[in-house]
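*Asks:* These are the residues of each chain, in order.
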Amino acid sequence: MSYNWNWGIFFQLSPDGTYTYAQLLLFGAGWTLATALLAWAIALSIGTVVGVMRTSPVPWLVRLGNAYVELFRNIPLLVQMFLWYFVLPEIMPQAIGDWLKQSANASFYNAVICLGLYTSARVAEQVKAGILSLRSGQRMAGLAMGLTLPQTYRYVLLPMAFRIILPPLSSEFLNIIKNSSVALTIGLIELTAAARSMSEFSFQVFEAFTGATLIYIVINIVVVSGMRWLERRVAVPGFISMGQPAAAH
Amino acid sequence: MFSNIDWNVIIRSLPYLFFDGMRFTIMLTLMATAGGIVIGTLLALARLSNIPGLSHVAGAYVNLIRSMPLVLVIFWFFFLVPYIGQWLTGAERPIQVGAFLSALVTFTLFEAAYFCEIMRAGIQSIPRGQVQAAQALGMPYWTAMAEIILPQAFRNMVPVLLTQTIILFQDTSLVYVISVTDFLGAASKVAQRDGRLVEMYLFAAIVYFLISLAASYGVRRLQHRIAIIR
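Chains as they are written, first to last, in the working numbering: chain V, 1 to 249; chain C, 1 to 230.
By construction, these hints were calculated from the structure, which means they are not laboratory data. Just so you know, even glycine gets a beta-carbon here, dropped at the ideal spot from N, CA and C. A hint or two may mislead.
Listing some non-contacts, in silico: residues in chain V with all C-beta distances to chain C over 12 Å [as the list claims (entries may be wrong)]: (1) Ala22; (2) Leu44; (3) Val58; (4) Tyr153.
Computed footprint of chain C on chain V, listed as stretches where at least three residues anywhere in the stretch have a Cβ under 8 Å from a Cβ of chain C [unchecked claim]: (5) 62–74; (6) 83–90; (7) 203–209.
Have a look at the derived ranges for each label pair, beta carbon to beta carbon [stated by the list, open to error]: (8) Gly137/V x Asn4/C: 55 to 65 Å; (9) Phe203/V x Tyr141/C: 46 to 56 Å; (10) Leu33/V x Arg221/C: 32 to 42 Å; (11) Ser136/V x Phe154/C: 27 to 37 Å; (12) Arg93/C x Phe11/V: 26 to 36 Å; (13) Phe19/C x Ile91/V: 25 to 35 Å; (14) Ser49/C x Pro150/V: 49 to 59 Å.
Using the sequences plus the hints, can you model the full thing?
*Replies:* This is how it looks when you write it as structure tokens:
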């Protein structure tokens, strides 16, 4: 191998003169987590609403929910990023478009919204599957007790559905962290982008990517063990959660 | 708003978009799927084997790949493949490989980790009694796998494998980060050359949408048909 390894590179100053390369990677990890967490908040709230819509007895709500999911699932995430970042400001009225283009951290907000909506379609799919996996007697019993339909969802169906879909939801959460790396194409300096720029400045390509990989692994381990803890914490005695999450990324 | 939109730019660049761009995307998707399923199945067999070292190595590989974002994996292999080529051929310098080969190696090895998990679930969905019956009949391991277990596992998992292929089709757009001219790359080049971002990106989105929608509709129909046959 004609590659010169230099692991000390992490502790050398980066070209900005203030921070070491290791610190740059950690800042990148910070942006990755900030993007992923905010986008997750969007994904979970919209995903739940759309998932509920798709199981409601109102036909047009079901169709609307289905159309939403198909729209966001069938366009590559990268293309969606470009639509939000490059296309949206152009087709808005001039004033709004200029404001969108000039706002500070535009790529961060774009990434959060894009990733949030993209993931919300996947969450909606899981929420729907969770609700449909419950016996139809639960909905009927809730309604027969005199609960309204929204109350039945709030107090009977959703609490059980969320417990059932916790494993696939946690793998969606891991996906949103990984998918935030796509935002480097619109200029967000998250973890992968930080490793990329470190490799370009220092020429220590493999050290930079190894550093980023290790941080991703640590994030992964923390999230997985946190989710296991949560699963045990909220488990209802007498019920076991369903099988493994489907493969997706 | 849409006042200064020029849709002609799409018509002018159609041959470039589809013969250069989409051909690359489709080739990459099909070849990476084929390679990924083969390597993924071998990885699944390794993970399920009784040989301790082997199952651990395969498991570590799958978990490592699955915890990394695809973009990072693309960067890794983009720089690593020349060194792998040097190591394989014993050349003096890292070997320059084309964009297609680099992307193909990346997606094959990346998707193999995901196909491995699918095939593992497929193999585990076959009752253990079948393996034991094959052993009792004196069938060697590979014969039992090739003749009995894998055909059924594969058949059970066809819808999931196809869904994963649709995801792979969408994911190939990420070769954009190493400036490869796939469908999106071609659209993006025209967009930047002619200053027509709105038209080209909207068109790219519509094309990806229609292909993925049609494919997932087909998978759903297939799923129904398989379900009825059983």
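*Asks:* Now, for every hint given, state plainly whether the structure supports it.
*Replies:* Consistency of the hints with the structure:
1. Ala22: Consistent with the label, Ala22/V stays out of reach of chain C, its closest Cβ about 17 Å off (over 12 Å).
2. Leu44: holds, 21 Å
3. Val58: holds, 23 Å
4. Tyr153: holds, 26 Å
5. 62–74: Per the Cβ count (4), the hint holds.
6. 83–90: Satisfied; 4 residues make the cut.
7. 203–209: With 3 residues closer than 8 Å to chain C, the stretch 203–209 of chain V meets the three-residue bar; holds.
8. Gly137/V x Asn4/C: 55 to 65 Å: Given about 59 Å between the Cβ atoms, the range holds.
9. Phe203/V x Tyr141/C: 46 to 56 Å: Taking Cβ atoms as reference, Phe203/V and Tyr141/C lie about 48 Å apart, which means the hint holds.
10. Leu33/V x Arg221/C: 32 to 42 Å: At 41 Å between Cβs, range holds.
11. Ser136/V x Phe154/C: 27 to 37 Å: Cβ of Ser136/V to Cβ of Phe154/C: about 34 Å, so the range 27 to 37 Å holds.
12. Arg93/C x Phe11/V: 26 to 36 Å: holds, 30 Å
13. Phe19/C x Ile91/V: 25 to 35 Å: holds, 29 Å
14. Ser49/C x Pro150/V: 49 to 59 Å: Cβ of Ser49/C to Cβ of Pro150/V: about 52 Å, so the range 49 to 59 Å holds.
The earlier numbered hints are all upheld by this structure, with none contradicted.
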